[in-house]
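Asker: Throw the hints in and build the complete structure from the sequences for me.
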Amino acid sequence: MAERPGLLTRWNQARRADGLALRRALPDRLLPLLVAAMAVLAALALAGATGAQILSTRWSNGAASMLTIQVPDPETPTTTAGTTTHLTRSDAVLAALADSPGASRVHRLDKAELGALLAPWLGQDHDFALTLPAIIELHMAAGTQTDATALARRLAAIAPGTLVERNAEWGERLGRLADSLHSCALLAVAIVAGIAVVLIAATTRAGLAARRLPIELIHAMGATDGYIAGRFARRTALLAFIGGLAGSVLALPILVLLSRVAAPFAAAAPAPAPAADWTMPAHMLLATLPTPLAATLLALAPAAALIGWLTTQATVRAWLRNLP
Amino acid sequence: MIRLRDVGFRYDAAGTSAPVALRQISFEVPQGGFRWLLGPSGAGKSSLLRLLALTARPTSGTLEILGSSVAQARRAALARLRRRIGVVHQDFRLLPDLPVFDNIALPLRLQHRPEDDVRDEVHSILDWVGLGSRATARPPQLSGGEQQRVAIARAVIHRPALLLADEPTNALDEYQANRLMDLFRDLSGLGTTILVATHNDALIRRYPAHELELAQGRLLRDG
Chain G
1 MAERPGLLTR
11 WNQARRADGL
21 ALRRALPDRL
31 LPLLVAAMAV
41 LAALALAGAT
51 GAQILSTRWS
61 NGAASMLTIQ
71 VPDPETPTTT
81 AGTTTHLTRS
91 DAVLAALADS
101 PGASRVHRLD
111 KAELGALLAP
121 WLGQDHDFAL
131 TLPAIIELHM
141 AAGTQTDATA
151 LARRLAAIAP
161 GTLVERNAEW
171 GERLGRLADS
181 LHSCALLAVA
191 IVAGIAVVLI
201 AATTRAGLAA
211 RRLPIELIHA
221 MGATDGYIAG
231 RFARRTALLA
241 FIGGLAGSVL
251 ALPILVLLSR
261 VAAPFAAAAP
271 APAPAADWTM
281 PAHMLLATLP
291 TPLAATLLAL
301 APAAALIGWL
311 TTQATVRAWL
321 RNLP
Chain W
1 MIRLRDVGFR
11 YDAAGTSAPV
21 ALRQISFEVP
31 QGGFRWLLGP
41 SGAGKSSLLR
51 LLALTARPTS
61 GTLEILGSSV
71 AQARRAALAR
81 LRRRIGVVHQ
91 DFRLLPDLPV
101 FDNIALPLRL
111 QHRPEDDVRD
121 EVHSILDWVG
131 LGSRATARPP
141 QLSGGEQQRV
151 AIARAVIHRP
161 ALLLADEPTN
171 ALDEYQANRL
181 MDLFRDLSGL
191 GTTILVATHN
201 DALIRRYPAH
211 ELELAQGRLL
221 RDG
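First to last, the protein sequences are chains G and W. Residues in the first sequence are numbered consecutively from 1, following full-length UniProt numbering. Residues in the second sequence are numbered consecutively from 1, following full-length UniProt numbering.
Keep in mind the hints are simulated off the structure, nothing from the lab. Heads up, the beta-carbon is just placed ideally off N, CA and C, and yes, glycines get one too. Certain hints may be false.
Footprint (simulated), chain G over chain W, 3 or more residues, beta carbon under 8 Å [what the hints assert, rightly or not]:
#	segment
1	18-26
2	32-42
3	51-63
4	107-120
Answerer: In structure tokens form, the structure reads like this:
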């Protein structure tokens, strides 16, 4: 019996003429085109999933861990048991907050910050005629549970009329929304992958039908199921890889644009990306995307090839079961 | 060797509508044995050759090919067995897209033989069948006789342990037919088991050998 040749030799032998004529069985136009279209859809869905994930993290861990305290008449001295003290209402509240368990940072917005906050309604002029309440941000350490109602009662006792707004409530709602969007995006990716499987299986079956005679002949000569399936699977994987690569390149500018639009909502997201310039080459444009999105985009072509390879292997092996 | 015990075969194995092609066929052929397979059209010769070539499975009985029981063999084992079988089909079954050279090289390439060996072996047998100058031609460019010689070359190039031929001389002239029979005799002497289905009485008279005669799917004579 002949000695079993090495992997490279076997690969080269597989490329030689064995009558399967895979270039005709699986033409190099339609499949890459369809896979490219699906890769664009998958890239958009993955962008949605990544964006939702970033927003979910941001809203759950960022704004959600902060409480906003509003102290009216901040400069008025406080009174204790009917006696006026030397502390203003805002200072008294700040002092009380500094002792709060789990507080990581207490910050009173200064005049400029208040002005920036109110600018959309009151313009850029920061000389307000009305006395504004003091706005204090209370940042809690990660994982700290805060009883906002109890805190509001405690602060109202020190400075009556003080309001505590629990951002976490909104943060949790937004986080849940972002999680839902994330799940929907992943579902969309799964649907696109499912369609890809169906499409590749149908294309492979058409190729098998077109090359039935040579397949039956080399099967009768002793070609194993693995050999025939491997020949088809390598061809499909190559075409799917080309389609996936083309789709990724097509999707890149759209994703850069989307990430630009979404940037303000994910300001606290990890790895801030450099600004995109449309004259940049593709690999530099890729670097402007958030790292998770760039990684998923890079993984699209290999994933398409893997789906193509696995689907074709399964389809051809199932088809060959009809032969003895 | 090959051994059949009460082998039956029906094309529509799942149902009962198809006619029975073979009934209770039993015979043995030892290693290196030569058998003529005789009988009128529709007697079951081609069906029997299909079973022996492992391109169909018996619907009843037991079949042993080259020492392996077909019913119990796994798919990979059947593929290995098929690589030890050569078949000359009545309709040649050449691949029209491939040049003559690649058609003949197929069995060697499926055995992962080195390409240098493949080249030497194919050119050698092309010279033997008188088609040394037609290596790059495609089957549709060949005459019927030339196509049959390509089919014969493809069937024997890997020195099969079992050679099955269905009317292998019907497109050959007498000289070529005699050369082919001389080759079969030589291969048989080297240990190849050979079954040849034919209607060519003159050939049978020139090369007398053990005969298996079929009629209506039954084995009438084994001797």
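Asker: Does each hint fit the structure? Answer for all of them.
Answerer: Hints, verified against the model:
1. Coverage of the segment 18-26 of chain W by chain G is violated. Counting CB-CB distances below 8 Å, 0 residues qualify, and the rule asks for three or more.
2. Restraint check on the segment 32-42 of chain W versus chain G: 0 residues with Cβ-Cβ distances below 8 Å, three needed, restraint violated.
3. Residue count for the segment 51-63 of chain W with a Cβ under 8 Å from a Cβ of chain G: 5. That meets the three needed, and the coverage hint holds.
4. Chain G is given as covering the segment 107-120 of chain W, and this holds because 8 residues of the stretch bring a CB closer than 8 Å to a CB of that chain, at least three being needed.
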